[in-house]
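J.: Protein chains in written order, with the working numbering: chain A, 1 to 115; chain B, 1 to 113.
Be careful, since some hints might not be right.
[What the hints assert, rightly or not] Okay, the calculated bits of chain A under chain B, using three or more residues with CB under 8 angstroms as the criterion:
1) 42-56
2) 101-115
[Unchecked claim] Lysine to aspartate or glutamate pairs mimicking EDC-like chemistry, simulated, CA-CA at most 20 angstroms apart:
3) B:100 to A:59
4) B:3 to A:30
5) B:100 to A:30
6) B:38 to B:17
7) B:38 to A:103
8) B:100 to A:96
9) B:38 to B:22
10) B:100 to A:38
11) B:100 to A:52
12) B:3 to A:38
13) A:70 to A:52
14) B:3 to A:59
15) B:3 to B:26
16) B:100 to A:79
These are calculated hints, taken from the structure and not from any lab test.
Treat the numbers as computed from the prediction; the structure is a model and nothing was measured.
Even glycine gets a Cβ: it sits at the ideal position worked out from N, Cα and C.
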Amino acid sequence: NAGVTQTPKFRVLKTGQSMTLLCAQDMNHEYMYWYRQDPGMGLRLIHYSVGEGTTAKGEVPDGYNVSRLKKQNFLLGLESAAPSQTSVYFCASSYEVGTISYEQYFGPGTRLTVT
Amino acid sequence: AQKVTQAQTEISVVEKEDVTLDCVYETRDTTYYLFWYKQPPSGELVFLIRRNSFDEQNEISGRYSWNFQKSTSSFNFTITASQVVDSAVYFCALTPNTGKLIFGQGTTLQVKP
Chain A
1 NAGVTQTPKF RVLKTGQSMT LLCAQDMNHE YMYWYRQDPG MGLRLIHYSV GEGTTAKGEV
61 PDGYNVSRLK KQNFLLGLES AAPSQTSVYF CASSYEVGTI SYEQYFGPGT RLTVT
Chain B
1 AQKVTQAQTE ISVVEKEDVT LDCVYETRDT TYYLFWYKQP PSGELVFLIR RNSFDEQNEI
61 SGRYSWNFQK STSSFNFTIT ASQVVDSAVY FCALTPNTGK LIFGQGTTLQ VKP
């Protein structure tokens, strides 16, 4: 099993450009998440999904959109990149049963720089 | 408010010393889960432990141990006889409701030979 994979690993964008980050998981997890990690701030939740076709906003959703067309994939889009979106982006997935939360499995991260 | 505080930003120890990483959390939920993750210099996030709010038993796994105290809303992590390979950023996290993780700011641990 590959676990959680992210594409691409690195990317440099110019202000105003758009891009999509792809996350894929092969563990049949219902829940998927996108986080960003900035120095001194831990990881912050951008958007998440509790199942195919559903998405919800996290703590810092502005400037991002997401889609979950297939259970195994979760896409994060930046429509008009800004320097403030320079960060390391992590995707994660988890198995949930009712109100029982299990650990999240993380991808390797995507380092995005917006100039 | 749901919050996780890791007051220690950086800790530096010499190999073989014991070290404790502090984690204090806030939540009004009666059912919640607490986690510790390790982020080594390579950047990936590695799951270490999960604990639910009804299980206050301390846990030991090799050189790692965790002390969960609901009375003080703390979930501290101790590494015994630290090694250079323990050098990493350690995150404490809280799930107050299904799925969403709230992370602390992280503690950078440097273990010197």
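J.: Of the numbered hints stated previously, which ones are contradicted by the structure, given in increasing order?
T.: Checked against the structure, the hints that fail are numbers 4, 16, while the rest are satisfied.
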